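Protein chains: 2
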Amino acid sequence: MSSPVHPKLSVQILGFDGVQALDLVGPLEALASVRVAGHPAYDIRLVGLHGRRFSSETGIVFEADSDLSERATADTIIVPGGSGLRRPDTLKAASSWVLAQASSARRIVSVCTGAYALAAAGVLDGRRATTHWRFIADLAQRYPSMDVDPDAIFIKDGPIYTSAGITAGIDLALALAEEDFGPTAALDVAREMVVFLKRPGGQAQFSQPLSMQMRSGDRFADLIAWMAANPGADQCVEVLAAKASMSVRTFSRRFKEQIGRSPARYAEDLRLDAARARLERRHEPISVIAADFGFGSDDAFARVFSRRFGVRPSDYRDRFQTKDET
Amino acid sequence: MSSPVHPKLSVQILGFDGVQALDLVGPLEALASVRVAGHPAYDIRLVGLHGRRFSSETGIVFEADSDLSERATADTIIVPGGSGLRRPDTLKAASSWVLAQASSARRIVSVCTGAYALAAAGVLDGRRATTHWRFIADLAQRYPSMDVDPDAIFIKDGPIYTSAGITAGIDLALALAEEDFGPTAALDVAREMVVFLKRPGGQAQFSQPLSMQMRSGDRFADLIAWMAANPGADQCVEVLAAKASMSVRTFSRRFKEQIGRSPARYAEDLRLDAARARLERRHEPISVIAADFGFGSDDAFARVFSRRFGVRPSDYRDRFQTKDET
Chain U
0 MSSPVHPKLS
10 VQILGFDGVQ
20 ALDLVGPLEA
30 LASVRVAGHP
40 AYDIRLVGLH
50 GRRFSSETGI
60 VFEADSDLSE
70 RATADTIIVP
80 GGSGLRRPDT
90 LKAASSWVLA
100 QASSARRIVS
110 VCTGAYALAA
120 AGVLDGRRAT
130 THWRFIADLA
140 QRYPSMDVDP
150 DAIFIKDGPI
160 YTSAGITAGI
170 DLALALAEED
180 FGPTAALDVA
190 REMVVFLKRP
200 GGQAQFSQPL
210 SMQMRSGDRF
220 ADLIAWMAAN
230 PGADQCVEVL
240 AAKASMSVRT
250 FSRRFKEQIG
260 RSPARYAEDL
270 RLDAARARLE
280 RRHEPISVIA
290 ADFGFGSDDA
300 FARVFSRRFG
310 VRPSDYRDRF
320 QTKDET
Chain W
0 MSSPVHPKLS
10 VQILGFDGVQ
20 ALDLVGPLEA
30 LASVRVAGHP
40 AYDIRLVGLH
50 GRRFSSETGI
60 VFEADSDLSE
70 RATADTIIVP
80 GGSGLRRPDT
90 LKAASSWVLA
100 QASSARRIVS
110 VCTGAYALAA
120 AGVLDGRRAT
130 THWRFIADLA
140 QRYPSMDVDP
150 DAIFIKDGPI
160 YTSAGITAGI
170 DLALALAEED
180 FGPTAALDVA
190 REMVVFLKRP
200 GGQAQFSQPL
210 SMQMRSGDRF
220 ADLIAWMAAN
230 PGADQCVEVL
240 AAKASMSVRT
250 FSRRFKEQIG
260 RSPARYAEDL
270 RLDAARARLE
280 RRHEPISVIA
290 ADFGFGSDDA
300 FARVFSRRFG
310 VRPSDYRDRF
320 QTKDET
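Top line first, the protein sequences correspond to chains U and W. Residues 0 to 325 (numbering that gives the first Met the number 0) are what the first sequence spells out, left to right. Residues 0 to 325 (numbering that gives the first Met the number 0) are what the second sequence spells out, left to right.
Worth double-checking, as some hints may not be accurate.
[Stated by the list, open to error] Pair by pair, the computed Cβ-Cβ distance ranges are:
#1 U:A36 x W:A232: 30 to 40 Å
#2 W:D146 x U:L98: 54 to 64 Å
#3 W:N229 x U:S102: 48 to 58 Å
#4 W:G58 x U:N229: 48 to 58 Å
#5 W:D291 x U:K91: 40 to 50 Å
#6 W:P39 x U:D317: 22 to 32 Å
#7 U:E256 x W:E178: 26 to 36 Å
#8 U:K91 x W:L98: 44 to 54 Å
#9 U:E256 x W:G157: 51 to 61 Å
#10 W:G125 x U:V60: 31 to 41 Å
#11 W:D146 x U:S305: 51 to 61 Å
Bear in mind the hints are in silico, worked out from the structure with no lab data behind them. Note that the structure is a prediction, hence the values are computed from the model and not measured. In this text, a Cβ means the ideal position worked out from N, Cα and C, and glycines have one as well.
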């Protein structure tokens with residue numbers, strides 16, 4: 000059976016000091032493993048932002064294939080994340096590179112906090128995008144013209160692809176391979192790398208959303224601290240408004256303005272996150288946790304939990320179980 | 000709240016030409032992210048087998064922290080896999096390094112085909128271990144004194160830890176971190192990296208065991224080809240023995256000697272693998288697949304499938320679904 004020889008698709012991945020090494024290596028290895036008719040499907044070059052040699056957050060030293068002096072065009076450009084992008088000079092240089100390549104590249108991809116470089120280049124204006132769960136709130140605040148999705152593993156909006164934290168870059172790379180060369184090519188890579196082609200679970204399952212929400216609520220800080228400390232208490236809006244010495248109507252409006260959610264939704268999120276933390280230990284029956292956090296029944300707990308995290312409490316526990324703390 | 004300062008645990012990871020980059024970077028990043036009382040918990044050094052500079056299978060160029068001239072001892076040594084280890088000189092040098100470090104290290108770890116270096120050093124004699132699913136049969140054949148488990152994501156046997164292919168190295172690194180610094184430290188890293196602390200599923204879910212079994216069965220090659228081509232046919236042992244022109248008893252014994260499984264078990268595996276391949280497409284109801292492969296009912300199919308792959312057909316499809324082939 001003879002197959003036509005495909006031209007390789009060119010990919011450039013940006014490397015810089017302070018890159019998150021897995022953001023870079025994960026997608027690179029996934030794409031490098033894609034084969035069509037026995038041949039590698041992508042031609043991948045590592046481009047050094049600060050010259051050929053750069054080192055990761057954790058000190059891994061890489062040597063790039065080229066630096067910025069060589070301005071080759073690419074079908075796909077990929078910007079990994081990393082704390083290096085929080086240095087203004089690095090962010091500026093990376094976003095300039097994105098902008099320069101954007102006119103010729105078919106698609107622009109970010110992994111994790113690489114989304115900052117895309118946002119700074121303006122290519123995410125008016126688009127849906129995601130990033131590492133810990134930076135969702137910050138990215139949304141800095142770049143209000145984009146629509147940040149806190150729960151996606153990856154998002155495609157037009158020619159711009161963004162992914163959640165670190166290992167999500169592999170999930171996104173598999174999606175690119177599937178788009179380019181079909182499902183079988185991507186499935187073979189997933190099998191080879193021992194990863195799921197479609198991962199069971201969204202980013203919400205891995206994140207601690209409360210810690211981000213807490214930041215924005217100075218005015219209600221005491222109230223929120225009380226809510227967090229008393230997850231089993233009655234936290235209906237009337238009780239909360241009384242504690243804040245406001246009318247229910249004023250309280251609801253101001254709370255929503257500052258916290259971004261209704262008091263009822265916020266109380267539910269709080270209980271769910273506390274229940275989730277308890278689920279990560281193994282010694283309690285789920286029914287005890289449901290009761291402690293004021294869910295009327297195991298079923299009610301399972302229903303609310305599934306709606307928020309996309310899995311039932313028992314499945315969540317199976318994935319994140321730890322041994323008891325000593 | 001003051002915390003005692005922990006001494007960092009020293010880790011050495013071996014790098015060599017032809018390493019699988021993710022085998023090396025995955026565990027390195029996972030361990031580098033572990034923090035105790037705010038400080039990194041591990042002191043990690045990348046050791047170059049062929050000098051300081053080495054390049055991965057896919058051409059990523061790394062610069063190691065040291066080479067073999069510097070013989071520092073370590074608490075934990077890690078050997079990643081990669082096609083480089085299939086070169087006899089590299090395998091020999093890597094296994095010599097393992098042997099030299101084994102006397103002082105608390106534990107010895109391999110990722111993916113890194114298990115070959117441990118096996119060649121003799122440290123896996125009489126122990127249970129695993130490797131990438133594609134190399135399970137070969138490893139078992141070359142080193143018959145070890146017990147190779149085809150379905151584990153990772154295995155600890157005494158001070159020796161081995162893991163399945165590529166991303167399984169991250170799972171193993173999280174287990175090491177949990178062992179050393181407790182479940183919360185490991186959970187924090189899993190969240191940060193957006194990976195499951197305990198991954199749902201064993202290696203069998205990712206592998207293609209039939210392709211390995213086929214290798215060993217020259218004598219029965221025609222019969223196996225017929226079985227594979229006719230998954231819906233009656234493949235009871237009487238039918239198969241008749242096709243091979245042997246008595247049932249002789250056929251059963253010889254088949255088992257050569258293929259390693261009974262004819263009935265082999266026929267079931269064959270049907271399961273074919274059914275699994277069909278599940279990876281989305282357009283058919285599961286009941287149609289169950290019927291096509293001769294399972295008496297959806298329930299019977301689900302039961303047999305779960306026993307073999309650890310998940311129900313519907314869950315399997317959710318994880319590995321691809322769009323229809325065009």
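Hints, one by one, checked against the model:
1. A hinted range of 30 to 40 Å holds for the C-beta pair A36 (chain U) and A232 (chain W), which are about 32 Å apart.
2. D146 (chain W) and L98 (chain U) have their C-beta atoms about 56 Å apart, which keeps the hinted 54 to 64 Å range intact.
3. Separated by about 56 Å at the C-beta atoms, N229 (chain W) and S102 (chain U) satisfy the suggested range of 48 to 58 Å.
4. At roughly 57 Å, the beta carbons of G58 (chain W) and N229 (chain U) sit within the given window of 48 to 58 Å.
5. Our hint of 40 to 50 Å for D291 (chain W) and K91 (chain U) is violated, since their Cβ atoms are close to 59 Å apart.
6. For the hinted restraint 22 to 32 Å between P39 (chain W) and D317 (chain U), the CB-CB distance of approximately 30 Å keeps it satisfied.
7. Distance hint check for E256 (chain U) and E178 (chain W): the Cβ-Cβ separation is about 47 Å, which falls outside the suggested range of 26 to 36 Å.
8. Hint check: K91 (chain U) to L98 (chain W), Cβ distance near 50 Å, so the stated range 44 to 54 Å holds.
9. About 60 Å separates the C-beta atoms of E256 (chain U) and G157 (chain W), a value consistent with the hinted range of 51 to 61 Å.
10. The hinted window of 31 to 41 Å between G125 (chain W) and V60 (chain U) holds, with their beta carbons roughly 39 Å apart.
11. Checked against the hint of 51 to 61 Å, the C-beta distance between D146 (chain W) and S305 (chain U) comes to roughly 40 Å, which is inconsistent with it.
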